[in-house]
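Start from the sequences and build out the full structure, keeping to the hints where you can.
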Amino acid sequence: MIAIVDYGMGNLFSIYNAFLKVGGDPEIKRDPEFGGAEGIVIPGVGSFGRCTERLRRFQEPLEERITEGTPVLGICIGMQVMLDESEESPGARGFGWIPGRVVRLPESVTVPQMGWNSLEIKKGMELLDGISPGDMFYFVHSYHCIPYDQRVVAASTHYGVELAAVVAKDNIYGTQFHPEKSGPKGLRILENFVRMVRC
Amino acid sequence: MLARRIIPCLDCDLGVPNGRVVKGIEFKQIRYAGVPWELATRYYEDGADEIVFLDITASHERRATMFDVIKKTSEHVFVPLTVGGGISSLEDARNAFNAGADKVTVNTAALRRPELIREISESYGSQAVVVAIDAKRRYQDLDGRITINTESGRCWFECSYYGGRRFTGVDALAWARRVEELGAGEILLTSMDRDGTYDGFDIELTDAVSRMVRIPVIASGGCASPEHMYEVFRRTDASAALAASIFHFNQWSIRDCKRYLHERGINVRITD
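Note that the protein sequences, when read in sequence, are chains A and B. UniProt numbering numbers the first residue of the first sequence as 1 and each following residue consecutively. UniProt numbering numbers the first residue of the second sequence as 1 and each following residue consecutively.
It is possible that some hints are incorrect.
[Claimed, not checked] With a straight-line Cα cutoff of 25 Å, these simulated BS3-like cross-link-like pairs (lysine-lysine) come out:
no. : chain 1 : residue 1 : chain 2 : residue 2
1   : A       : Lys-29    : B       : Lys-136
2   : A       : Lys-169   : A       : Lys-123
3   : A       : Lys-123   : A       : Lys-29
4   : B       : Lys-72    : A       : Lys-21
5   : B       : Lys-136   : B       : Lys-23
6   : B       : Lys-136   : B       : Lys-71
7   : A       : Lys-29    : B       : Lys-71
8   : A       : Lys-169   : A       : Lys-122
9   : B       : Lys-23    : A       : Lys-21
10  : B       : Lys-23    : B       : Lys-71
The hints are simulated quantities; they were obtained by calculation from the structure and are not laboratory data.
In structure tokens, the structure reads:
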């Protein structure tokens, strides 16, 4: 079973349907109880400050599961909250699972980045099985992650700057784009995640 | 680099269970094209970058039907879904998002009460608000208007609402700039002179609006072939091309259109 964390920031239909489609047996979790979850997904909606505030009560149970080795996947803001802090909400504290900060996209480009952009793969890994350089994914964001240890960046994309599109650190994963809105290639990433949590 | 998008548009009559997709010519004559969620799924599998549903029904029951259409579609379609037609309040927008829409388009209600754009944008983010502008060329009364020089003379563009049935006197170029300030994330720009004509996009209009704003502009109205898409991408900064009839009636597949564009150096998302 894949647990989808519902922290009250909007509908989770598409992410639920996407996991259903790839055989992930999804369940939406409004309470921080992850019994039976083989993998956990933190979806991304809203601002960094609101998300970290609403996710706070999930933090301890999530960290327990991470320590036990359960794979966790953050999507968009759900990935950004895994870092320490964000320019979007000064003072708000992220989970700090991946040391780093979240900064605004550069002035030189239209913000938000909205649309399909391609990946540059930095690190082959199971989550990216079947994904080739140049495959496109759907991005909607105004801020991007800068992990202090760049080795956690598994794939990047170019939009004014080269930015982290996929991060991976032990059993913690994140995508800046929305795999659930990225067509068959996005579904492939979710399918990979489902396969990984079952081994 | 961001890819240029190809977006099929489904004009939906929701007066029957499951709704029906129809296509009008110059906003008038109507022809049946299919069941909304089935067509949406076919386009998704064919490589659509996004799907737009426009509700052209004027009845009240339509809301529940649109909810069903979006819900059913989102079980099969994994690209962004946009819903428009008759969205006149923050509550309407909320209903669309709750049904699974990623974006809403507003036209009439925004012209009547521009603050609606700001309200939706503040609640759901600017990426969730698309302002639809239906623009018609006017070659007279140029004073005080933002005008451009076209091959057929100097003109301004007038915004229409109520599905093209009424005119507002509002200058479309000035309105484009205003909606950006109000928090719109995108402009869906339809040329009323070209819609349903199969003569190609209004390049001059699309170029003028693209230069006026920094937010993405979706070109719409008149597309009948991949050549038309190529022209609008080559000659303007439009970030997407929207079309209906050419896909509905099997004249061109989305896949073939994208291949055509890709071969000519336009950056599009190619699917297997």
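Here is how each hint holds up against the structure:
no.: 1; hint: Lys-29/A / Lys-136/B; verdict: 50 Å, violated
no.: 2; hint: Lys-169/A / Lys-123/A; verdict: 12 Å, holds
no.: 3; hint: Lys-123/A / Lys-29/A; verdict: 31 Å, violated
no.: 4; hint: Lys-72/B / Lys-21/A; verdict: 13 Å, holds
no.: 5; hint: Lys-136/B / Lys-23/B; verdict: 19 Å, holds
no.: 6; hint: Lys-136/B / Lys-71/B; verdict: 34 Å, violated
no.: 7; hint: Lys-29/A / Lys-71/B; verdict: 20 Å, holds
no.: 8; hint: Lys-169/A / Lys-122/A; verdict: 14 Å, holds
no.: 9; hint: Lys-23/B / Lys-21/A; verdict: 31 Å, violated
no.: 10; hint: Lys-23/B / Lys-71/B; verdict: 22 Å, holds
The structure does not agree with the numbered hints 1, 3, 6 and 9 stated previously, though it agrees with the rest.
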